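Undergrad: Chain by chain, the residues run as shown.
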Amino acid sequence: MKFLPLIWKNIWRRKVRTIFTLLSIFVAFLLFGILMTIRAAFSLGVELAGVDRLIVIHKVSLIQPLPVSYQGRLSTVPGVDLATHASWFGGIYQDPKNFFAQMAVEPEPYLKIYKEFRVPPDQMKAWLADRQGAIVGRELAKRFGWKVGDRIPIQGTIFRPKSGAGDTWLFNVSGIYDGDPGTDLTNFFFRYDYLDENRRRCDGCVGWYIVKIADPSQSASLAHKFDDMFANSDYETKTTTEKGFIDSFAKQIGDIGTIMMAILAAVLFTILLIVGNTMAQSVRERTSELAVLKTLGFSNGAIVMLVLVESMFIALLGGGLGLGLAWLFVQGGDPTHGMLPAFVLPNRDLVAGVAVMVMMGLLAGTLPAVAAMRLRITDALRRQG
Amino acid sequence: MTGLRQVFAVTLLNLRTIPQRLGSSAVAVLGIAGVVVVLVAVLSIAEGFFAAMHSAGSPTRALIMRSGSDSEMTSGLGGPETDIIKQAPGIARDGQRAVASAELFVIIDLPKKSTGTSANVPLRGIEPAALQVRDEVKIVEGRPLQFGTNEVVVGRAASRLFSGLDVGSEVRSGQNIWKVVGIFEAGGSVAETEIWCDAHTLQGAYRRGNSFQSVLVKMPSSQSFDEMKNWLTSNPQLSVAVRREEEYYAAQSRALTTVIRTIGFAIAGLMGIGAIFGAILTMYTAVATRAREIATLRALGFNSVAVVISVLTESLGLAAIGGVLGGLAAYAAFNGYQTSTINFQTFSQVAFAFRVTPSLLLLGLAYALVMGLVGGLMPAIRAARLPISSALREL
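Heads up: the protein sequence lines correspond to chains A and B, in order. Residue 215 in my numbering sits at position 215 of the first sequence, and the numbers go up by one each step. Residue 395 in my numbering sits at position 395 of the second sequence, and the numbers go up by one each step.
Just so you know, the hints here were simulated from the structure itself, not pulled from any lab data. A few of these clues could be false.
In silico DSBU-like links for lysine-lysine, alpha-carbon gap of 35 Å or less [unchecked claim]:
| id | chain 1 | residue 1 | chain 2 | residue 2 |
| --- | --- | --- | --- | --- |
| 1 | B | LYS229 | A | LYS97 |
| 2 | B | LYS179 | A | LYS243 |
| 3 | A | LYS251 | A | LYS9 |
| 4 | A | LYS115 | B | LYS112 |
| 5 | A | LYS112 | A | LYS97 |
| 6 | B | LYS113 | A | LYS97 |
| 7 | B | LYS112 | A | LYS97 |
| 8 | B | LYS112 | B | LYS138 |
| 9 | A | LYS225 | A | LYS112 |
| 10 | A | LYS225 | A | LYS212 |
| 11 | B | LYS113 | A | LYS225 |
| 12 | B | LYS179 | A | LYS225 |
| 13 | A | LYS162 | B | LYS229 |
| 14 | A | LYS162 | A | LYS112 |
| 15 | A | LYS162 | B | LYS113 |
| 16 | A | LYS125 | A | LYS112 |
| 17 | B | LYS138 | A | LYS251 |
| 18 | B | LYS112 | A | LYS212 |
| 19 | A | LYS212 | A | LYS147 |
| 20 | A | LYS243 | B | LYS113 |
| 21 | B | LYS86 | B | LYS138 |
| 22 | B | LYS112 | A | LYS225 |
| 23 | A | LYS125 | A | LYS147 |
| 24 | A | LYS97 | B | LYS86 |
| 25 | B | LYS179 | A | LYS251 |
| 26 | A | LYS251 | A | LYS294 |
| 27 | B | LYS113 | A | LYS212 |
| 28 | A | LYS251 | A | LYS225 |
| 29 | B | LYS112 | A | LYS243 |
| 30 | A | LYS251 | B | LYS113 |
| 31 | A | LYS243 | A | LYS147 |
| 32 | B | LYS112 | A | LYS251 |
| 33 | A | LYS147 | A | LYS162 |
Remember, predicted model here, so these are calculated numbers, not experimental data.
In isolation and in its complexed conformation, chain A is listed as follows (with noise of 0.2 Å):
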């Protein structure tokens, strides 16, 4: 503890230097922290999927729609709590580019089954008492400031109204949904019922299933039981389970983790180097003082303590200091608005950043630590300079 005013003004012999050093660690782990969020974000959450639920989808792919008479057929299946459906909208609010997911929806079997998205009791009530009611994710409506109450215009694509206008559909925003870090909360929900009623075709057809099971170690027999159910009608099927649909469709999107995997090595690996180079250096002009600090009797363990205490110093604050500034940012939410549905820096990869940085600190220090404690007195001491 006493050598502590040692290494400090050691560490600040070189202010220029050591500030730099510090601003190339910090920058490193800054990129480090924003790329995992990346990595994160377009893995989708598939850590955030839940275990008891499972995704029924037409067998031929996603796309094709499945009829909404499964849905007693599934709820009556033993071992199933909840069974409810989805419908992909794919609108356009204004813009193409605007783009945000509209899902059509049975209020309160899907909320219960989707218990992360959190609705204030009041506006639930005023969703289900409205028809056109809709409920928007906190994000979504800070990106369009909309506000309970709210009337939205958005374009129908695939589905055309059947009265009114063109292909303008009409929403109320009845309430505005909240939810845990890392919850999607850029999309929109409406009621399936004003959906159905009002579409001009594909009357009584849904997108998929979600079925809310009881016991998740069920999740294989069940799966093959529904499929079985509706082999060999015009509608056959395909279950997984909500991990491997999400993890399936995170596949699609490609190799985005290797890639950032790549890129951060790179990246860390080229900090090392200039960061160990200036440590080396910084160690090698001092040999004459580290050889009187011989002389007077320091031990070579506490040499190189002395030496690793200062480079662990420097990785921990740079790097510390970047990860922190990232966590900042991505507590601040996407700022793609909406491309990245999940914008959260998992704690599993903050832990991984202090390991590097540690790693980091001991491989910048160990090399000139051990040179120096290698030195012999009498050769560092006739060395000038």
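We have chain A; now place chain B onto it with these hints.
TA: Below, chain B alone, put in the same frame as chain A:
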């Protein structure tokens, strides 16, 4: 000319001493090379995707969909409507018949070879004229499909990416069975990720009645577009949107390429800061170890401009080496790398190859030089300002 001679002499002196500082010079070079690799690699993704989408569009083709729909996926046209569309002036004709293909566009689930997970593969129902409309399409294996049957031809990229799409195999999708009879190439464009079948067979298989989603037409020249568009949009029997095929595919690729480019520039920008610190540190070291030499030169009458230029030249030289190395590494590692992603506009897979273009390499080199310039500036000024007497006294 003494000024120039001075610059030359000091620069040469600097460069000659590089071998003594190999370690720290190598760090600066590698640091800059690392940044260039990342910048070029990320941008080559956007470049490749853009190229795949862009080469799908021809200036002499137009795509007609229902008005209000922004992709084939959400469009819908009745059979009679497509017949009217084919009568429009400005469409190329082969005898009495319009060179136009009314098409259906759906997706089917097929397992991806690399992961085994299911992927959305586009299945396009075409009319016999389709191959005439898309004259760049060539059957490279097997034969063209027989219309009126369940035969399909598969794009080169689709057959490579997804399981069970070789000539002679059968694809089971729900209750339909499709027989693969040929593989086609379409200049590396997005069409190569598609499976093509007879539109009428597809109508039956998907219970679409007599309906289509789009009509792709060939024009004798790109000038015919306006005439055709005016005729179609003013026809009271129709409610359609007419787009040049190029514009359609450019719009489809815009969202993704913008995201990738933004990410690429942001990452390279941040990394660049780190690399600039690296260059600054290297050059400071270079100046510090040569403080006495520089002071001696100044005492001999060399002016400070020569000193500044010499330091900058060294740092630019190192940066240029880094830029070239980084560019070469990115080219070797990523050019032509095959991958696929999902296009959210049509909700289906698009195969493409990373493209490291000459302009990307130049951009990488330019960025490297900027890093070298910024990184060398402060140390150069410090070298020029070094007080001669104290520097000479230093041991």
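Undergrad: Are the Cα atoms of LYS97(A) and LYS86(B) separated by 35 Å or less?
TA: Judged against 35 Å, a Cα distance of about 31 Å means the pair holds.
Undergrad: Are LYS179(B) and LYS225(A) close enough, with their CA atoms no more than 35 Å apart?
TA: holds (30 Å)
Undergrad: LYS251(A) and LYS9(A): Cα distance at most 35 Å?
TA: violated (52 Å)
Undergrad: Hinted pair, alpha-carbon criterion (35 Å max): LYS113(B), LYS97(A). Please report holds or violated.
TA: Distance ~33 Å between LYS113(B) and LYS97(A) Cα, so the pair holds.
Undergrad: For the pair supplied as a hint, LYS147(A) and LYS162(A), confirm whether the alpha-carbon distance does not exceed 35 Å.
TA: holds (28 Å)
Undergrad: Could you grab the alpha-carbon distance between LYS125(A) and LYS147(A) and see if it respects the 35 Å cut-off?
TA: Roughly 16 Å between the alpha carbons, so the hint for LYS125(A) and LYS147(A) holds.
Undergrad: CA of LYS225(A) to CA of LYS112(A), is that 35 Å or under?
TA: Given pair LYS225(A), LYS112(A) holds - Cα atoms ~23 Å apart, limit 35 Å.
Undergrad: Going straight from one Cα to the other, do LYS115(A) and LYS112(B) come out at no more than 35 Å?
TA: holds (33 Å)
Undergrad: Does LYS251(A) lie within 35 Å of LYS179(B) when you go C-alpha to C-alpha?
TA: holds (27 Å)
Undergrad: Would you check the hint for LYS86(B) and LYS138(B), treating anything up to 35 Å between C-alpha atoms as holding?
TA: Holds, at roughly 24 Å.
Undergrad: Can you confirm whether the C-alpha distance between LYS243(A) and LYS113(B) stays at or below 35 Å?
TA: Between LYS243(A) and LYS113(B) the Cα gap is close to 20 Å, so the pair holds against 35 Å.
Undergrad: Holds or violated: LYS212(A) with LYS147(A), Cα cutoff 35 Å?
TA: Satisfied, since the Cα-Cα distance of roughly 32 Å is no more than 35 Å.
The structure fails to meet hints 3, 15 and 26 from the earlier list, while all remaining hints are met.
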